[in-house]
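Asks: Below are the chains, spelled out letter by letter.
Number of protein chains: 2
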Amino acid sequence: MTHIVNEVRSGTYYDSVVLMQLQKSILALKGVLDVGVMMGTEANRDVLEQSGLLTEDSKYAAAEDLIIAIKAESAEKGKDALDSVDMIMSQRQSSQTSQDFRPRSLITAVRSLPDARWVLISVPGRYAVDVALEALDLGKNVFLYSDNVSLDDEILIKKSSLEKGLLVMGPDCGTAVINGVGFGFANVTKIGPVGVVAASGTGLQALIVSLDGLGSGVSHAFGTGGRDLKDKVGGITSKQALSLLAGDNDTQVIVLTSKPLASEVAIDLIRFINTLNKPVVVNFLGFVPLVTRIGNVFFAKTLHEASDLAVKLSSNLDSITMNTPVSNKEFAPSQRYVRCLFSGGTLAYETLLVLNTFAEGVYSNIAINSDYKLHDASVSKEHTVIDMGEDEYTLGRLHPMMDYDLRLRRLRQESEDEETAVILLDVVLGHGSHPNPSAELAPMISDVKSAALSEGRYLEIVVLVIGTENDPQELSVQIESLRRAGAHVETCTDKAASYVGNIIMGLSPYLINIKSLEGSDIDQVTQVSSIINVGLEYFHESLIQQGVQSTHVDWQPPAQGNEKLMDILAKMKS
Amino acid sequence: MTHIVNEVRSGTYYDSVVLMQLQKSILALKGVLDVGVMMGTEANRDVLEQSGLLTEDSKYAAAEDLIIAIKAESAEKGKDALDSVDMIMSQRQSSQTSQDFRPRSLITAVRSLPDARWVLISVPGRYAVDVALEALDLGKNVFLYSDNVSLDDEILIKKSSLEKGLLVMGPDCGTAVINGVGFGFANVTKIGPVGVVAASGTGLQALIVSLDGLGSGVSHAFGTGGRDLKDKVGGITSKQALSLLAGDNDTQVIVLTSKPLASEVAIDLIRFINTLNKPVVVNFLGFVPLVTRIGNVFFAKTLHEASDLAVKLSSNLDSITMNTPVSNKEFAPSQRYVRCLFSGGTLAYETLLVLNTFAEGVYSNIAINSDYKLHDASVSKEHTVIDMGEDEYTLGRLHPMMDYDLRLRRLRQESEDEETAVILLDVVLGHGSHPNPSAELAPMISDVKSAALSEGRYLEIVVLVIGTENDPQELSVQIESLRRAGAHVETCTDKAASYVGNIIMGLSPYLINIKSLEGSDIDQVTQVSSIINVGLEYFHESLIQQGVQSTHVDWQPPAQGNEKLMDILAKMKS
Chain A
320 MTHIVNEVRS GTYYDSVVLM QLQKSILALK GVLDVGVMMG TEANRDVLEQ
370 SGLLTEDSKY AAAEDLIIAI KAESAEKGKD ALDSVDMIMS QRQSSQTSQD
420 FRPRSLITAV RSLPDARWVL ISVPGRYAVD VALEALDLGK NVFLYSDNVS
470 LDDEILIKKS SLEKGLLVMG PDCGTAVING VGFGFANVTK IGPVGVVAAS
520 GTGLQALIVS LDGLGSGVSH AFGTGGRDLK DKVGGITSKQ ALSLLAGDND
570 TQVIVLTSKP LASEVAIDLI RFINTLNKPV VVNFLGFVPL VTRIGNVFFA
620 KTLHEASDLA VKLSSNLDSI TMNTPVSNKE FAPSQRYVRC LFSGGTLAYE
670 TLLVLNTFAE GVYSNIAINS DYKLHDASVS KEHTVIDMGE DEYTLGRLHP
720 MMDYDLRLRR LRQESEDEET AVILLDVVLG HGSHPNPSAE LAPMISDVKS
770 AALSEGRYLE IVVLVIGTEN DPQELSVQIE SLRRAGAHVE TCTDKAASYV
820 GNIIMGLSPY LINIKSLEGS DIDQVTQVSS IINVGLEYFH ESLIQQGVQS
870 THVDWQPPAQ GNEKLMDILA KMKS
Chain B
320 MTHIVNEVRS GTYYDSVVLM QLQKSILALK GVLDVGVMMG TEANRDVLEQ
370 SGLLTEDSKY AAAEDLIIAI KAESAEKGKD ALDSVDMIMS QRQSSQTSQD
420 FRPRSLITAV RSLPDARWVL ISVPGRYAVD VALEALDLGK NVFLYSDNVS
470 LDDEILIKKS SLEKGLLVMG PDCGTAVING VGFGFANVTK IGPVGVVAAS
520 GTGLQALIVS LDGLGSGVSH AFGTGGRDLK DKVGGITSKQ ALSLLAGDND
570 TQVIVLTSKP LASEVAIDLI RFINTLNKPV VVNFLGFVPL VTRIGNVFFA
620 KTLHEASDLA VKLSSNLDSI TMNTPVSNKE FAPSQRYVRC LFSGGTLAYE
670 TLLVLNTFAE GVYSNIAINS DYKLHDASVS KEHTVIDMGE DEYTLGRLHP
720 MMDYDLRLRR LRQESEDEET AVILLDVVLG HGSHPNPSAE LAPMISDVKS
770 AALSEGRYLE IVVLVIGTEN DPQELSVQIE SLRRAGAHVE TCTDKAASYV
820 GNIIMGLSPY LINIKSLEGS DIDQVTQVSS IINVGLEYFH ESLIQQGVQS
870 THVDWQPPAQ GNEKLMDILA KMKS
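For the protein sequence lines, the chains are A and B, in the order given.
Residues in the first sequence are numbered consecutively from 320, following the numbering used here.
Residues in the second sequence are numbered consecutively from 320, following the numbering used here.
Just so you know, these hints were derived from the structure itself, not from any lab.
Among the clues, some could well be false.
A pair holds if it fits inside one copy or across any two, identical chains being indistinguishable in the list.
What the hints assert, rightly or not - Straight-line distance between alpha carbons at most 25 Å, and here's what the computed DSS-like set of lysine-lysine pairs gives: (1) LYS814 / LYS509; (2) LYS549 / LYS378; (3) LYS631 / LYS814; (4) LYS349 / LYS398; (5) LYS483 / LYS551; (6) LYS834 / LYS549; (7) LYS597 / LYS814; (8) LYS398 / LYS834; (9) LYS378 / LYS396; (10) LYS483 / LYS834; (11) LYS478 / LYS549.
Can you make the complete structure from the sequences, with help from the hints?
Replies: Structure below.
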């Protein structure tokens with residue numbers, strides 16, 4: 320008959336490596352069948368219950384309590400195992416040999432290893448903020464492995480790092496590779512021309528492994544923590560790391576990856592990257608633009624595609640023409656928006672989807688995102704895409720592919736708006752459509768373009784023509800007539816939309832709100848020959864294995880993790 | 320001083336071509352500056368107001384009233400123009416010459432042209448349902464151009480067509496090309512090997528134009544109406560058209576396109592297409608899977624990419640291996656689901672996104688769609704992806720990349736669930752990670768696989784290994800050990816997820832709920848030498864131009880469109 324015993328210990332802090340090793344040691348004891356050694360969080364108690372290891376004693380354990388749960392062959396064996404716990408713990412203490420001098424505080428460690436530019440922090444989340452802020456105050460960059468840190472604390476830490484010209488990777492940053500040295504979890508890859516910035520730990524690892532597998536290699540790979548690209552944090556670390564790699568001579572191509580993020584954050588990053596002068600492959604999970612490229616940003620759907628593309632780009636650097644931004648000197652300062660007047664719904668949708676990668680909000684009567692639904696489709700708002708083939712426009716009148724009257728009226732209306740920079744229209748040829756669209760459209764285009772010019776504005780009119788040479792209207796005849804009227808003509812929707820997207824992106828001013836790391840700042844980031852470790856000793860050992868001079872701080876939480884004592888201490892301080 | 324005059328006419332139906340021509344004729348009169356001739360819908364009144372053409376007289380016009388709005392140089396010229404309206408209308412009547420015999424009803428037209436297999440209907444939406452149902456009752460296929468038809472009426476019409484083995488394109492179907500004959504709006508393209516099915520009018524046109532531009536051509540292109548792929552309609556027309564093209568010898572590759580649709584509809588279509596035996600390029604706007612292909616479905620992001628891919632496939636038909644569905648004979652009937660136990664969040668997300676293209680609902684503790692959020696992450700539900708590196712799992716314990724205990728417990732738990740067919744785990748190597756994962760994992764894999772086998776179940780265990788040969792754990796050593804334990808090993812996330820996706824798709828039975836058109840049904844659909852047209856005379860003229868024997872029905876709405884009279888007639892009927 321098997322027997323379950325539990326013991327709950329309160330008020331003491333244990334390193335989680337110690338707990339794992341304790342669990343394994345108990346399991347190795349005679350007569351022990353299963354063991355769980357865990358802090359008493361709800362998730363952990365669930366696990367123990369699922370495994371049939373939880374007794375009544377532990378059901379109300381607190382998150383800061385340690386539960387030792389043992390399933391044994393008999394009550395006696397269970398009791399014996401529990402009695403062995405302290406002995407096992409003391410044996411472990413005495414077997415530690417890796418470091419002669421063990422500073423007990425960060426400041427002592429810094430004094431003993433003054434050249435260290437980095438502090439690796441992996442203490443439990445609730446203690447991590449104080450340690451990180453202390454490291455920044457001491458002028459060190461921070462790799463913050465700890466998770467369970469609040470978003471507000473993350474912002475606090477990152478703003479502090481920005482002020483000091485330092486870099487903070489994390490919180491919840493699992494991995495980084497700088498100058499070939501792995502921080503936290505890190506694969507051993509070849510050194511090479513590709514730099515990585517990842518708001519995702521295993522994303523970074525999958526990327527560098529894939530780059531290595533493709534025969535390429537990594538210059539530096541920065542983790543940022545999974546929340547760096549949440550809109551409140553604003554991508555502080557990502558932008559610092561991107562500008563750092565853009566200025567790094569060993570990096571030819573950069574890959575940026577992230578877990579799913581808000582599209583305004585994605586667009587902000589695309590615009591930020593367009594201020595840098597290096598090709599950047601972007602893989603934001605779940606964000607798949609219809610265009611393959613915007614300026615120096617190249618989009619990839621998957622991690623594997625991203626690494627593949629980066630390698631291809633790095634071996635064809637000379638053939639990559641950096642898109643020159645469309646000149647906008649002809650536009651007046653008031654001109655900022657595009658107005659699209661479609662007769663074809665699908666062409667309107669495809670354009671809307673393409674433009675959504677170039678600009679933050681595109682209003683439409685067919686908006687997919689209800690925040691950008693135009694409630695009064697007769698008046699445009701900022702960037703606007705109107706599908707004039709929608710039912711509301713065709714009640715009791717011909718389809719706009721046959722009858723251009725409504726669109727011509729709207730074209731004039733938009734052309735008179737001082738905020739309009741570009742107007743995009745589609746012209747669909749073929750049987751059933753207007754027998755000669757350019758005969759109506761071309762004079763109007765000339766007219767509104769000159770009218771705008773006489774008022775000091777340059778109006779770009781883009782016409783997307785869908786048709787063939789054998790259509791009754793003849794494609795080339797229509798194109799020729801529209802071009803003569805001053806229109807820019809395209810025959811493919813995504814190309815037309817990209818053309819417009821590049822113009823409106825150029826017309827909207829972009830403010831870089833992150834001071835980039837430069838000169839000596841870069842050098843101090845890439846200096847990794849000596850590093851201070853606070854938290855999991857595991858990571859210290861891994862640094863030693865990699866030939867880094869590492870000092871491990873023998874960190875203990877304030878008041879040995881006793882919550883009540885900590886509260887009293889905090890009150891005494893304030 | 321310019322002058323605006325308006326006249327409102329009630330109780331008479333006008334063809335919208337007539338109205339457009341009337342507007343143009345009035346504008347050509349001396350002293351007339353601008354004209355709007357429109358039915359009095361709200362949208363149209365807005366347009367007239369924007370153009371400064373609306374007077375108080377018309378502000379309360381009803382949708383079925385005709386507004387004639389004129390801006391003239393003087394009051395007198397305005398009055399003259401209004402007085403000319405009836406004369407212009409009567410002139411138009413007398414100039415019609417295109418057809419000697421004009422049947423006044425559909426049934427008369429059918430008697431005069433019994434071989435016609437198609438009726439083109441473009442009467443106003445509120446009359447369209449009755450005409451369409453009449454055509455179906457007469458055994459004809461229907462091309463329903465009319466919009467402003469309710470969703471319920473669309474379902475009614477399509478269900479009727481299914482029962483009768485006929486095809487209905489539309490409502491709101493702008494275009495189709497069958498055997499080189501364009502219906503509605505249609506471009507003139509080369510005949511060729513690519514068939515098209517489009518729940519989008521200009522989508523279809525852009526596709527066939529692009530195919531033509533690439534030097535290829537079109538076998539048949541079917542429109543379905545933009546709402547055919549709304550979940551309530553269930554893609555009746557799309558599926559009929561797809562199966563028709565799959566059975567058509569002239570069609571080598573099919574392209575299917577649609578405006579944005581619900582993902583469950585997309586998956587249903589992917590599964591439907593996988594019952595056909597021809598390559599199908601799918602472009603659902605805004606639906607961009609991470610995989611490039613599922614079975615015989617090839618995904619394209621844009622219309623242009625879709626046509627490009629179709630042409631490439633059609634010229635390399637021999638080299639396309641149709642994916643053979645994964646054999647599932649070893650699985651027990653209860654086994655249907657995958658359970659993914661990840662240590663890496665990004666790997667979990669990428670897997671989730673890939674699986675979402677193969678299966679309708681994948682539950683997760685990191686679900687992006689809140690409908691599929693697992694509230695109790697300790698119990699899996701149907702297909703489940705668990706990120707065990709989430710904060711909830713790492714409070715007070717080591718990361719699952721270091722400590723496999725939780726995942727091993729969960730692996731056993733999932734393996735004992737009779738519904739589990741596949742378990743996917745990641746193993747991330749490198750510094751900081753578990754020093755030898757396979758030493759813990761491999762024995763567990765052997766163990767749970769044999770346990771399942773002894774209960775008559777086959778358990779597929781897939782392990783995604785992320786690592787390099789130079790990692791401390793050595794990639795090849797880990798892979799070898801996992802393979803020996805019976806695991807299927809992959810090293811790339813999207814490949815691992817696709818592998819799993821194909822298995823679970825094969826394990827979930829798919830019922831085809833649409834009776835496909837076969838044999839004589841196909842012949843009657845592709846027979847387009849004679850066609851009956853009801854509604855816009857424009858389309859009749861276009862058919863004549865294309866050499867089709869077309870009969871135009873001189874259709875008038877019941878009670879000449881007088882709403883009150885129509886109500887009385889309807890009441891007398893019932």
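Asks: State for each hint whether it applies.
Replies: Structure-based check of all given hints:
Taking the shortest alpha-carbon separations for LYS814 and LYS509, only the inter-copy value of 24 Å comes in at or below 25 Å, while the best intra-copy value is 38 Å. In this homomeric assembly, LYS549 and LYS378 never come within 25 Å of each other (Cα to Cα): the closest approach is 36 Å inside a single copy and 50 Å across copies. Taking CA atoms no more than 25 Å apart as the test, LYS631 paired with LYS814 passes in both settings, with 23 Å inside one copy and 20 Å between copies. Taking the closest pair of Cα atoms, LYS349 and LYS398 come within 25 Å of each other only inside a single copy of the chain (12 Å); across copies the shortest separation is 110 Å, beyond that limit.
Proximity of LYS483 to LYS551 under the C-alpha cut-off of 25 Å is restricted to the intra-copy arrangement: shortest distance 20 Å within a copy versus 59 Å between copies. In the homo-oligomer, the alpha carbons of LYS834 and LYS549 lie at most 25 Å apart inside one protomer (19 Å), although the nearest pairing across protomers, at 49 Å, exceeds that limit. In this assembly of identical chains, LYS597 and LYS814 lie within 25 Å of each other by CA distance solely inside one copy; the values are 23 Å within and 30 Å between copies. Neither within a single protomer nor between protomers do LYS398 and LYS834 lie at most 25 Å apart by alpha-carbon distance, with minima of 60 Å and 70 Å respectively.
In this assembly of identical chains, the alpha carbons of LYS378 and LYS396 lie at most 25 Å apart only when taken from the same copy (22 Å versus 93 Å across copies). In this homomeric assembly, LYS483 and LYS834 come within 25 Å of each other (Cα to Cα) only inside a single copy, at 10 Å, whereas the closest approach across copies is 70 Å. For a Cα distance limit of 25 Å, the shortest separation of LYS478 from LYS549 inside one copy, 15 Å, qualifies, whereas the shortest one across copies, 48 Å, does not.
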